[in-house]
Amino acid sequence: MKNRRNLVKALAAALLLGVAPVTPAQDAAPDQLVKTVTLEVVELIAKDKEIRAGNRAKLVQLIDAKVLPHFNFGAMTALALGQNWNKANPEQKKRLMEEFRTLLVRTYASALAAYSEQKLDFRPLRAKATDTDVTVQVRVLQPGAQPVPIDYSMEKTATGWKVYDVMVGGVSLVANYRTEFNNVVRDSGIDGLVKNLSAKNRSLDSGAPASK
Amino acid sequence: MRAALVLLLLAAGCASTSGDGDPRDPLEGVNRRVYRFNEVVDVNVAQPVARAYTRVVPNEIRDRVRNFFGNIGDVFIGVNNFLQGKFEEGVGDWARVAFNSTIGLFGIHDVASDMGYEKHNEDFGQTFGRWGARPGPYLVLPLLGSSDARDALGTGLDIYSDPMGEVRPYHLQYGLWALRFTQLRADLLDASRILEEAALDKYVFQRDAYLQRRRSLVYDGHPPREKEPEDEEPQKPR
Numbered sequence: 000m001k002n003r004r005n006l007v008k009a010l011a012a013a014l015l016l017g018v019a020p021v022t023p024a025q026d027a028a029p030d031q032l033v034k035t036v037t038l039e040v041v042e043l044i045a046k047d048k049e050i051r052a053g054n055r056a057k058l059v060q061l062i063d064a065k066v067l068p069h070f071n072f073g074a075m076t077a078l079a080l081g082q083n084w085n086k087a088n089p090e091q092k093k094r095l096m097e098e099f100r101t102l103l104v105r106t107y108a109s110a111l112a113a114y115s116e117q118k119l120d121f122r123p124l125r126a127k128a129t130d131t132d133v134t135v136q137v138r139v140l141q142p143g144a145q146p147v148p149i150d151y152s153m154e155k156t157a158t159g160w161k162v163y164d165v166m167v168g169g170v171s172l173v174a175n176y177r178t179e180f181n182n183v184v185r186d187s188g189i190d191g192l193v194k195n196l197s198a199k200n201r202s203l204d205s206g207a208p209a210s211k
Numbered sequence: 000m001r002a003a004l005v006l007l008l009l010a011a012g013c014a015s016t017s018g019d020g021d022p023r024d025p026l027e028g029v030n031r032r033v034y035r036f037n038e039v040v041d042v043n044v045a046q047p048v049a050r051a052y053t054r055v056v057p058n059e060i061r062d063r064v065r066n067f068f069g070n071i072g073d074v075f076i077g078v079n080n081f082l083q084g085k086f087e088e089g090v091g092d093w094a095r096v097a098f099n100s101t102i103g104l105f106g107i108h109d110v111a112s113d114m115g116y117e118k119h120n121e122d123f124g125q126t127f128g129r130w131g132a133r134p135g136p137y138l139v140l141p142l143l144g145s146s147d148a149r150d151a152l153g154t155g156l157d158i159y160s161d162p163m164g165e166v167r168p169y170h171l172q173y174g175l176w177a178l179r180f181t182q183l184r185a186d187l188l189d190a191s192r193i194l195e196e197a198a199l200d201k202y203v204f205q206r207d208a209y210l211q212r213r214r215s216l217v218y219d220g221h222p223p224r225e226k227e228p229e230d231e232e233p234q235k236p237r
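Sequence lines, in order, name chains A and B.
Residues in the first sequence are numbered from 0 upward in steps of one, following numbering that gives the first Met the number 0.
Residues in the second sequence are numbered from 0 upward in steps of one, following numbering that gives the first Met the number 0.
No lab work stands behind these hints: they were computed from the structure.
A portion of the hints provided could be inaccurate.
To be verified - A partial selection of chain B residues facing chain A, derived with a Cβ cut-off under 10 Å:
{"hint": "1", "residue": "Gly20"}
{"hint": "2", "residue": "Asp21"}
{"hint": "3", "residue": "Asp41"}
{"hint": "4", "residue": "Asn66"}
{"hint": "5", "residue": "Asn70"}
{"hint": "6", "residue": "Arg192"}
{"hint": "7", "residue": "Gly220"}
Every value quoted in this text rests on a predicted model; they were computed, and no experiment measured them.
Don't be surprised by glycine CBs; every beta carbon is placed ideally from N, CA and C.
One chain only, chain A, in its complex shape:
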């Protein structure tokens, strides 16, 4: 209820300021966006026999098309790199973003593949209409256990709301990669990290997960 009021307020403000109205996809409130995209993806997976039978390539494709446009990978990679981001040259930054993106899509695919019929509870957004940085909360309900909270940190950009971090059960994905990335950069530099990430992605391509 409150979200709709926020939306109305935002719209009113936009009209008042004489701002040109943006396209529907872009002016969707962040919590509505999360809900729409999540439900759509869950439904598509439920309907797809191949994905349910374990076709990972097809699942990755689906995520690529439906989910990825709502993520800001530049911001995610920069946050995961921390201070090391500034030490990278543009070419390295580009490579890092590509490899990190591939890794995250795979992780996301694994998480989705593990999803069964748990109920989802989309929490109402607690934010002001003027906020440009919000947390959208979804809870995964499972019988006999405490609900698992999934928090999407989202930022308003020129092309709509974008996710720049995901917290699962209080664990920030970006923060969790920071120590790992830091260690690799300290030991073998930015190029070492690029090499490390692409090796990891290739090992996943060949099926067997490789890890120290």
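Starting from the known structure of chain A, arrange chain B on it as the hints suggest.
Chain B in isolation, oriented as in the chain A frame:
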């Protein structure tokens, strides 16, 4: 036994130079050794058992088993909520035990959740944290896995105080513990596969996730902002 301990300490001494110097993990050398040992046990015993369990036992029954042990856990989840001064939550936990143990047939049905009594996640480690205890050095406990000084003490108390310790005869009690851990491991099969895929260095990834997760739990999902880790990390000369 004592010889093994001495060996372990010697190994720790040798390994202490090779850590990545994370201030939260001063015992990284010995922790990594225990981690590798745990992994061998996990891959060769716990995982195969958990996989066989999920294959043989239908999902429906596994839900009942999870509920049954969850109900036992709720007793001390309530105690810990009281110890943390969260009386409403504590009363809710004990109401869960009351309803689930009776209408829910010894806990196998979680009727209390449907009645609006949400399940909580509390333990002595979180209570100590709430009282102001710092986590202390990160620890990997043999067989039990990720922990820290505060939580190791907490876990000891959790196990010591668990109502299942009263069960006699002993072989029944041990059977129940075995089933409880099997159920727990089975529930984590997906998570461990994701860890396998997501991490560059599983040890570091799991450690950081554990520390973040525990911090979040101590503050019931609303931890205060902390300084960026690199601000306090001393730069190691190389």
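Hint check results:
1. Gly20: holds (9 Å)
2. Asp21: holds (7 Å)
3. Asp41: With a minimum Cβ separation of about 13 Å from chain A (threshold 10 Å), the hint on Asp41(B) is violated.
4. Asn66: holds (4 Å)
5. Asn70: With Cβ-Cβ at 8 Å, under 10 Å, it holds.
6. Arg192: holds (6 Å)
7. Gly220: holds (6 Å)
In terms of the numbered hints stated before, the structure departs from hint 3 and from no other.
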